[in-house]
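Protein chains: 2
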Amino acid sequence: MSDVYAARRSRLLERCVTGGSEAALVTGPANVRYLAGGAPPGSVLLVGPGHDLLLCTVDPFADHSAGTGPAGRPAEDLRVQLLPSAEGDPAVAAAERAAGAGVETLAVEEHHLTVARHRAMRSVAPRLHLEDLGPAVEQQRIVKDGEEIAALRIAAEIADQALGELLESILVGRTERHLALELERRLVDHGAGGAAFPTSVGTGPHSGLAGHVPTDRRVEEGDFLSVCLGADYRGYHSEIARTFVIGTSPAEWQIELYDQVFAAQRAGREALAPGTPYREVDRAARRVLEAAGHGERVGPSIGHGVGLENGEDPRLAPSAMGKLDACVPVTVDPGVHLPGRGGVRIDDTLVVRPEADGGPELLTITTKELLAL
Amino acid sequence: MSDVYAARRSRLLERCVTGGSEAALVTGPANVRYLAGGAPPGSVLLVGPGHDLLLCTVDPFADHSAGTGPAGRPAEDLRVQLLPSAEGDPAVAAAERAAGAGVETLAVEEHHLTVARHRAMRSVAPRLHLEDLGPAVEQQRIVKDGEEIAALRIAAEIADQALGELLESILVGRTERHLALELERRLVDHGAGGAAFPTSVGTGPHSGLAGHVPTDRRVEEGDFLSVCLGADYRGYHSEIARTFVIGTSPAEWQIELYDQVFAAQRAGREALAPGTPYREVDRAARRVLEAAGHGERVGPSIGHGVGLENGEDPRLAPSAMGKLDACVPVTVDPGVHLPGRGGVRIDDTLVVRPEADGGPELLTITTKELLAL
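Just so you know, the protein sequences line up as chains V and L, in that order.
For the first sequence, UniProt numbering begins at 1 and goes up steadily by one.
For the second sequence, UniProt numbering begins at 1 and goes up steadily by one.
To be clear, the hints were calculated from the coordinates, so they are not data collected in a lab.
Certain hints may be false.
As the list claims (entries may be wrong) - Here are the simulated distance ranges between beta carbons:
#, chain 1, residue 1, chain 2, residue 2, range
1, V, G100, L, G222, 48 to 54 Å
2, L, G340, V, L362, 43 to 49 Å
3, V, G340, L, G340, 55 to 61 Å
4, L, D145, V, E256, 50 to 56 Å
Just so you know, even glycine gets a beta-carbon here, dropped at the ideal spot from N, CA and C.
If we strip away everything but chain V, and leave its shape as in the complex, we get (with noise of 0.2 Å):
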């Protein structure tokens, strides 16, 4: 694995040094973990010149620190350099090293980096040029290799093992706050690391909402359930949303509702593939969601990149520039909140695929049929 995560941070070398930096300083945690393997909490990574070194102030390798925990344990074959945690910053302690090793412009995370901390490299290392090194780490990110992708397919496994379970056990009468929590222990029971993002849990009047932070609320008969939830396996991130009824019978509007909100996440699968704009996939789930009456009822973005981070590039988005790729993991997640009634939201994460590979790759594989519970 080691090679790996050295081939990545040459890769992103070439590329700072085509554009005239012999050095880069990354300080996005997601990014620093994606090009070390681990990224303990402040770490950070200075890739090249020569030997790349990580800064940390916590140790890595200690058994009480990040390294054995969700954060990950840095390559083997990385430099680590292990800072008193009263010597401050890693960021300015790599901007005297690289000075001192003749770097005369290093490419920084201008996005990641506060402007304090940028003073205080400016400050230590008055003649480096810092450079802007941009999104360069999450554009690298997008394409995921094989092992990713694996673990992103166990990622997915255990939250349809978690929400599977969940589903066999009386729901009616348990709050929200509840029914998140059990899911979350189950995540881990099944081997997550952790919760991928905060469990979502809404019912009746909150179902369909995105981001909805779980309350005391109780299932009802009648109500819509919907959950959203997701594993971390090994830093790797899914997402699964999946709208349920409760009691037999449905009522006429949660079942026209349902089928709209399910033919729009179709209609955004089924265009996910190699070369297809963004901002096409997107159009492709909102169209349905226009003609069904509900289009001021649709978020921001029918879906986005998931990998080390939970909404990472790309984002399935109206405005959003630039083509699917083969091997990029992302969610499609419409959804359609009636106020004071409910609503559906379905999530997936899947894999672009090219046809010849049988089109895009399901991870989620929780049954999209309205259940009724």
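For chain V, the structure is supplied; the task is to place chain L on it using the hints.
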């Protein structure tokens, strides 16, 4: 309550005006919440000129948003501008608005704002001069008012309850992960919005480690078991750690180590008084552990402020500058870990009070006797 937030904002604005800025842009999430009453994800607060304005991309009053969740609800009298999420960064919109209102100098939180956002603000408002506000809001937050201390008292009580219930259950054979999840469920059962930070449970060789990420190791006879948890109640975060011994008879070394850490923690608690330099509190606790030969094993600080964030100002550390005030809630949390054997951590949340008021108020009241479970 609205008055409280308005008073906090006008105090900040006064400070800005003294420093030569006519307005301040607050972007640190806990700072926004402190001044606005609620901070939906990504929201920013423009304080002055004229009416203060909260700029959000998520509606803080919609029932699905953070408004009803742990992020709180903005004060009623505060003006709120909801930006379409496609319109981009609320900080950039705030810069445009400030420039449009005739502001010449805007104070910004350079320790929160990224270089990229700062540049985007300058590019939409090239004549607006951006000054550094520094940690002005963080400093304002150090001394708490009665409402804040009341919330912390409840947060501490909830953590005490969760911990007390765990101690009544069978522990041997259960994993660190499951104990941590159970504690977090109990926090919510007792009314917490959630855990204040990831609950840490360490058994045997993992005991006594600060921030240990729970593993699948099971509790065994003869183990030390150390637990660190906290509740989030209305945004305010308590913190408590206790260490127990599993089985009927602690070993000699366990009793000795426990006594040493307990003595250090007591010395730290007893040093809490208005006017005491932060580093004297650290010194008082650290001295005891140094005398016991554990100097190298003590962490970089022996306590920190608590409030809307978990580790906020002040830091009780050797190099910290400043003195305690009355009504400052802090932790006193020394610990010692012996590699391969385990260790002890004892942590309380207390509020600094003058001697005339009976000295420091202990919020986390779970016993600190060495319990054999």
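Hint by hint, here is what the structure shows:
no.: 1; hint: G100(V) with G222(L): 48 to 54 Å; verdict: 50 Å, holds
no.: 2; hint: G340(L) with L362(V): 43 to 49 Å; verdict: 46 Å, holds
no.: 3; hint: G340(V) with G340(L): 55 to 61 Å; verdict: 60 Å, holds
no.: 4; hint: D145(L) with E256(V): 50 to 56 Å; verdict: 51 Å, holds
Violated hints are absent here; each numbered hint is respected by the structure.
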